[in-house]
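K.L.:
Sequence:
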Amino acid sequence: MTATNQAMESRLQAPEWAPHAAVFIGFPSHPDLWAENLEPARREVAAFARAVHADGEGERVILVAGDAASAAAAQALTGHAAEVVVEPFGDIWLRDTAPIVVGQGAQREAVDFDFNGWGGKYVLANDDSVGTRLASRMNFPVRRAAWVFEGGAIDSDGTGLVVTTEQCLLNPNRNPTLDKAAIEQHLRRDLGFARVLWLGDGLQNDHTDGHVDNLARFVAANTLLLPVGTSDDPNAHVFADANARAKALGVNVVEVPSAGRIERHGAVVPATYMNFYIGNRVVVVPTYAGAQNLEPALEVLRGLFPSRHVVALSADATLSGGGSFHCISQQIPE
1154 MTATNQAMES
1164 RLQAPEWAPH
1174 AAVFIGFPSH
1184 PDLWAENLEP
1194 ARREVAAFAR
1204 AVHADGEGER
1214 VILVAGDAAS
1224 AAAAQALTGH
1234 AAEVVVEPFG
1244 DIWLRDTAPI
1254 VVGQGAQREA
1264 VDFDFNGWGG
1274 KYVLANDDSV
1284 GTRLASRMNF
1294 PVRRAAWVFE
1304 GGAIDSDGTG
1314 LVVTTEQCLL
1324 NPNRNPTLDK
1334 AAIEQHLRRD
1344 LGFARVLWLG
1354 DGLQNDHTDG
1364 HVDNLARFVA
1374 ANTLLLPVGT
1384 SDDPNAHVFA
1394 DANARAKALG
1404 VNVVEVPSAG
1414 RIERHGAVVP
1424 ATYMNFYIGN
1434 RVVVVPTYAG
1444 AQNLEPALEV
1454 LRGLFPSRHV
1464 VALSADATLS
1474 GGGSFHCISQ
1484 QIPE
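The numbering of the sequence shown is the working numbering, which starts it at 1154 and goes up by one.
Since the hints were derived computationally from the structure, they do not count as laboratory data.
If you're wondering where the values come from, they're calculated on a predicted model, not measured in any experiment.
Positions of the beta carbon are idealized from the N, C-alpha and C atoms, including for glycine.
One or more of the hints may lead you astray.
[Unchecked claim] Estimated spans, in silico, between C-beta atoms of each pair: (1) E1452 - N1375: 28 to 36 Å; (2) P1294 - E1319: 29 to 37 Å; (3) R1342 - A1401: 20 to 28 Å; (4) R1196 - P1294: 30 to 38 Å; (5) A1222 - D1385: 16 to 24 Å; (6) G1273 - A1221: 28 to 36 Å; (7) D1220 - A1373: 12 to 20 Å; (8) E1487 - D1220: 17 to 25 Å.
The task is simple: from the sequences and hints, build the whole structure.
P.N.:
Encoded structure:
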């Protein structure tokens, strides 16, 4: 192995199914952003935190609240299942704003990227600094990566293969001077990825501009989980295109039934089972009122993760803010 390859390997982001030392989870903290969905979203997030903690058999849960009053509410809802800390943030989407921890053991370090509010659409105070503050809390050395990036834009298989979408990482509202080759170089330099699977678009009406963690997830080395759309699914063509691209690169595809067409107030929402979180003991799957194929989807995941408990939890209120369980969490590898 060359020195360059050793350096890349030491910076490689572990797959989500690798052991976690802890997980950051954002707790809804701003009434002006959540309105009537604040309390329901808090209950959903607390249920997620308790499931991941798994009565002490799962992982350390660090619930991040934006202020002291929200922290008190978080502690009341989670009890011993979570350690609650106060760090000001714009909103709870820590998959995108928390640091990405790479490496293992004593070689771990936090990579903190530039953040511009998902292409300038949702620029909120403190979102651009919470990553560094959370890394400092954990005493990780911080390596700055000076380009705009969000953790939900990628998913990795642990071997150096990463999946993303052109809609997001090539969007001119992120890094207008970087082309595909430059993005691939940055992913290799900062997160150790040697190969990139480029999918096309993300889900309809996903205001992150197509984050891949709503569309496709690695579940083993070189093995990608992808939905199959129902007849009325507005994303059926997106799933089919992703499937073809993955197979063309030699990636194994496991198919899972989609949640189907889900509307709120007359508009399609990006409700998806793919925004699940893989914890040390559980796989937590979001579900939504009106969703189709829940039990068949859970059966697929049970087959893929036989040593973990696969549980479905309501995420309707959380989705009203723009995402689900994977979006609000960022794991810390052992």
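K.L.:
A separate judgement is required for each hint: does it hold in the structure or not?
P.N.:
Here is what the structure says about each hint:
1. The supplied range of 28 to 36 Å is broken by E1452 and N1375, whose beta-carbon atoms lie about 22 Å from each other.
2. Take P1294 and E1319: their Cβ atoms lie about 32 Å apart, and the range 29 to 37 Å holds.
3. At roughly 26 Å, the beta-carbon separation of R1342 and A1401 lies within the given 20 to 28 Å, and the hint holds.
4. Taking the beta carbon of each, R1196 and P1294 are about 37 Å apart, inside 30 to 38 Å as hinted.
5. Range check, A1222 to D1385: Cβ separation about 43 Å, and the 16 to 24 Å hint is violated.
6. Taken as a hint, the range 28 to 36 Å holds for the pair G1273 and A1221, whose Cβ atoms sit roughly 30 Å apart.
7. Restraint check, D1220 to A1373: a C-beta distance of roughly 40 Å breaks the suggested window 12 to 20 Å.
8. Separation of E1487 from D1220 is about 31 Å and departs from the stated range, judged on CB atoms against 17 to 25 Å.
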